[in-house]
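Number of protein chains: 2
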Amino acid sequence: MIFKTVQEIHTAFYRALEEADLELMSTVWHQDGQISCIHPLRAPLFGTDKVMPSWKLLFTNGRSLTVEVKILTQQINDELCIHLVRETLTPITDNRGGQPILATNSYQLIDGSWKMILHHASPTAVVKQRSTTDLPSGNQLH
Amino acid sequence: MIFKTVQEIHTAFYRALEEADLELMSTVWHQDGQISCIHPLRAPLFGTDKVMPSWKLLFTNGRSLTVEVKILTQQINDELCIHLVRETLTPITDNRGGQPILATNSYQLIDGSWKMILHHASPTAVVKQRSTTDLPSGNQLH
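Here the protein sequences come in this chain order: A and B.
Read the first sequence against my numbering and you will find it ends at 149, with the numbers running on by one and no gaps.
Read the second sequence against my numbering and you will find it ends at 149, with the numbers running on by one and no gaps.
Be aware that one or more of the hints could be misleading.
One copy or any two copies: either way a pair holds, since identical chains are not told apart in the list.
[To be verified] In silico EDC-like cross-links for lysine to aspartate or glutamate, where the CA-CA straight-line distance does not exceed 20 Å:
id, residue 1, residue 2
1, Lys-122, Asp-85
2, Lys-57, Asp-85
3, Lys-57, Glu-30
4, Lys-122, Glu-86
5, Lys-63, Glu-30
6, Lys-77, Glu-30
7, Lys-57, Asp-28
8, Lys-77, Asp-39
9, Lys-57, Glu-75
In short, the hints are calculated from the structure, not lab data.
Using the sequences provided together with the hints, build the complete structure.
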């Protein structure tokens, strides 16, 4: 599958996530290169052999989420694109509102098709379940 | 200050962080453009007017951290660079080991100098203080 524009691959990535479509997810990622994937609060995964099994695990139970996505910023040139996005993932079984996630997604134009090379997702401060002691404060802000 | 290479601006960013040097931090960031900064578990900040005060707050108490940084991956072309880095921030007052942070840093070549345009930092799973209930599991991995 060829993704001629960044919008196309962005749409495909989130469609794969929402539909638990491992084949589409596999098409989205660069298969031969240096790729990195960080699921929220998890250790980083490097390379196809680590990244794709993580999606397979995520998709074990089939479609389970609805996904709303908003691109917050985009930096792009001929070969690289960086998106900062806000994801709202709502379990199908619980429509009271999903967990807000921030993600940096990077895409690279390779042989005429954009490919995902980085997905770095993290929860935001508005996760209500988190206790205040988990939030850094003062000079531990960073 | 001109940062002719990505290594120079990478070094300057982490020197500014370690030395609580607001002036250097201000030089590192692109001042006129679309910039984004996400401190761990915090809401995203956009633009100089929001990003720089967050560093000023962080630096209120002066130098308080030692910073170890390892670049895990780099994607770069003529105008854009994306680093995934592991930061270990250790409070000066407590040398038992710092909090591991993953950060995606993006730099853009602007008028002959690399400038930071994105810093997205997040804690990793190995933060021992976090309760297991905060970690997504199964199909909530993402």
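Verification of the supplied hints:
In this assembly of identical chains, Lys-122 and Asp-85 lie within 20 Å of each other by CA distance both inside one copy and across copies; the values are 13 Å within and 19 Å between. For the homomeric pair Lys-57 and Asp-85, neither the shortest alpha-carbon distance inside one copy (28 Å) nor that between copies (29 Å) is at most 20 Å. Taking CA atoms no more than 20 Å apart as the test, Lys-57 paired with Glu-30 passes inside one copy only; the shortest distance there is 16 Å, against 40 Å between copies. For a Cα distance limit of 20 Å, the shortest separation of Lys-122 from Glu-86 qualifies both inside one copy, at 10 Å, and across copies, at 18 Å.
Taking the shortest alpha-carbon separations for Lys-63 and Glu-30, only the intra-copy value of 10 Å comes in at or below 20 Å, while the best inter-copy value is 46 Å. For the homomeric pair Lys-77 and Glu-30, neither the shortest alpha-carbon distance inside one copy (24 Å) nor that between copies (33 Å) is at most 20 Å. Taking the shortest alpha-carbon separations for Lys-57 and Asp-28, only the intra-copy value of 17 Å comes in at or below 20 Å, while the best inter-copy value is 38 Å. Taking the shortest Cα distances, Lys-77 and Asp-39 never come within 20 Å of each other, neither inside one copy (29 Å) nor across copies (23 Å).
In the homo-oligomer, the alpha carbons of Lys-57 and Glu-75 never lie at most 20 Å apart, since the shortest distance is 26 Å inside one protomer and 25 Å across protomers.
This entry does not satisfy hints 2, 6, 8 and 9, going by the numbered hints stated previously.
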